[in-house]
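Chains as they are written, first to last, in my numbering: chain A, 1 to 381; chain B, 382 to 592.
Rather than coming from a laboratory, the hints here were simulated on the basis of the structure. A few of these clues could be false.
[As the list claims (entries may be wrong)] Below, a sample of chain A positions facing chain B; criterion: calculated Cβ distance under 10 Å:
no.	residue
1	337
2	345
3	368
4	369
[Stated by the list, open to error] Quick list of in silico lysine-lysine cross-link-like pairs, DSBU-like style, CA-CA up to 30 Å:
no.	chain 1	residue 1	chain 2	residue 2
5	B	448	A	41
6	B	448	A	169
7	A	41	A	371
8	B	448	A	46
9	B	485	B	398
10	B	448	A	83
11	B	398	B	428
12	A	213	A	116
[What the hints assert, rightly or not] Not close to chain A: a few residues of chain B, all C-beta gaps over 10 Å, as computed:
no.	residue
13	397
14	398
15	458
16	483
17	489
18	519
19	520
20	533
21	540
22	551
23	575
24	576
Glycine is no exception: its CB is placed at the ideal position from the N, C-alpha and C atoms.
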Amino acid sequence: MSIIPTEPNHHTVILAKDTPMPLDCGAMMSDISVAYNTYGKLNEDKSNAILVCHALTGDQFAASRQPLTGKDGWWSIMIGPGKVLDTDKYFIVCSNVLGGCMGTTGPKDINPETGKPYGIDFPIITIGDMVRTQALLQEYLEIPTWFSVIGGSMGGMQVLQWASAYPDKCFSAIPIATAAKHSAQNIAFHEVGRQAVMADPEWLGGKYLEQGKNPRAGLAVARMAAHVTYLSESALHRKFGRNLQDRDSLTYGFEADFQVESYLRYQGINFVDRFDANSYLYITRAMDYFDLAEDHGGSLPKAFENTSTRFCVVSFSSDWLFPTSESRDVVRALIAAAANVSFVEIETDKGHDAFLLDTPEMLQTIGGFLKSTAISRGLDA
Amino acid sequence: MENSTLSRPQDIRVDLKLIADMIAPGSRVLDVGCAEGTLLSHLVSTKDVDGRGIELSQAGVNACVSKGLSVVQGNADSDLVDYPSGGFDYAILSQTLQATHRPKDVMEQLLRVGKKAIVSFPNFAYWRCRTYLAFKGQMPMTSSLDYAWYETPNIHFCTLRDFTNLCADLNIQVEKSTIVGNDGEILSYSYDSRRANFFGAQCVFLLNSAG
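Kindly generate the complete structure, drawing on both the sequences and the hints.
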């Protein structure tokens, strides 16, 4: 299952070689492999670098062909020449998160102590650990300060963690469709997904790779359930309604009569070809554990005390997974911390997934924010 | 008849200019209901202020953010409470008081958040409004307030007298006031005079908390 991308903008580096990196769970990790993509060129004074943080099932192929699916990068709408994240102007970095399965160290890698894949012996990782790893990458790339750190959903959690943990290392921060903590409802959905994986007989207590198996059915169900949460009721209705799939009438059976069923099955099946089931367990757990206020004695404003980072917070009106109220909590905390913050709720029926789609108001807001921030950073002549 | 009273573009410009004149350079300013950010941009470029804004409409926020302004989508009634006390040198409420649900609370919040507040509003006791109501027997509609009563966002109109009474009730002190006539001309009447309440079409107040 090794990935050998041929694109020249794809890189892999081993970090924490001499000094192990501490994890939130107390474990130490060394020789962390980090796979990342870059787009555009770093300028001379290294002031134009943007870190793009990917979501739960995303990867480092933000704007280039994903080698396993052959599809365009997940944020091709945002990244490219002349686009909002303009590769003629900015140097874009996107790395696979710690615990991932696209080249960065994760549970499917070989545990040097046993010579076998880690499986669930991999230490529990957090959003903080993911960001710590990215900070090592930043150091390795010799980028003193990110011009911006941007991401949606779990990517947005990383953005908030960055701004909180390394305020001097991010000039601006753009958390999109995200929250400063994972809600009970979201933890509940993740638990459904994890239980689906673990209930698959081929999961084998997490040791499926050793046995040449794969809990495909369980992971597909997890993906199907999660995918529903990424859409809105009205988007589902607009896309599928009660339309039937390749048939004129009901079959009075359990085949995928409805288009929406067929769509979800397709989403599930495709997902298992590119994602490791244990990675899914670990990364969902990292999101569940995220609670920025809790890390600061229960006070979210404390997480951003004395920050000079400029924030642009974006939410979507039909997002029920990370509703606007969650973004407002972040904005409120930033205001209380006297931070420089802009916030807009975009009217759309596209649900949580709106940040991945061609949502003109989002492109306009973030484009405008970056443009004016670039001027104050001295990036615009 | 609609153009017989206030003419908006000119008056708004006058209104904003008067507000800008009241602001000391280099101060921290919160513009509540900042619309497309016209005033904030002006203050940032001419007075070197550290400006922030609150705006209800997504389009307004987008316009502001594109201009490089830090603006949060929200409204005066519910969101001022989030701001730390005394966080700003000035809290501005320009042509927005009449559209708030609880003007009294908003006034109190303005003077908590800002060391000073600047409030501008149309005077409903302006003589053309009085005659419109007296002779036509209908709610006044003017070029600047050209909404029918059933669709206007302006739900809490007040007169100059009403406003200064409220300030007195809240122990808010008038530091400076400017009364503006129909054509944007500045009238020399004292704000607490009958004449101001009759001939003033627009009012701009610089306020602070007494004591």
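Do the hints match the structure? See the list:
{"no.": "1", "hint": "337", "result": "9 Å, holds"}
{"no.": "2", "hint": "345", "result": "6 Å, holds"}
{"no.": "3", "hint": "368", "result": "3 Å, holds"}
{"no.": "4", "hint": "369", "result": "5 Å, holds"}
{"no.": "5", "hint": "448/B / 41/A", "result": "26 Å, holds"}
{"no.": "6", "hint": "448/B / 169/A", "result": "24 Å, holds"}
{"no.": "7", "hint": "41/A / 371/A", "result": "18 Å, holds"}
{"no.": "8", "hint": "448/B / 46/A", "result": "25 Å, holds"}
{"no.": "9", "hint": "485/B / 398/B", "result": "25 Å, holds"}
{"no.": "10", "hint": "448/B / 83/A", "result": "18 Å, holds"}
{"no.": "11", "hint": "398/B / 428/B", "result": "12 Å, holds"}
{"no.": "12", "hint": "213/A / 116/A", "result": "14 Å, holds"}
{"no.": "13", "hint": "397", "result": "21 Å, holds"}
{"no.": "14", "hint": "398", "result": "24 Å, holds"}
{"no.": "15", "hint": "458", "result": "15 Å, holds"}
{"no.": "16", "hint": "483", "result": "19 Å, holds"}
{"no.": "17", "hint": "489", "result": "18 Å, holds"}
{"no.": "18", "hint": "519", "result": "35 Å, holds"}
{"no.": "19", "hint": "520", "result": "31 Å, holds"}
{"no.": "20", "hint": "533", "result": "23 Å, holds"}
{"no.": "21", "hint": "540", "result": "33 Å, holds"}
{"no.": "22", "hint": "551", "result": "24 Å, holds"}
{"no.": "23", "hint": "575", "result": "42 Å, holds"}
{"no.": "24", "hint": "576", "result": "42 Å, holds"}
Every hint from the earlier list agrees with this structure, and none is contradicted.
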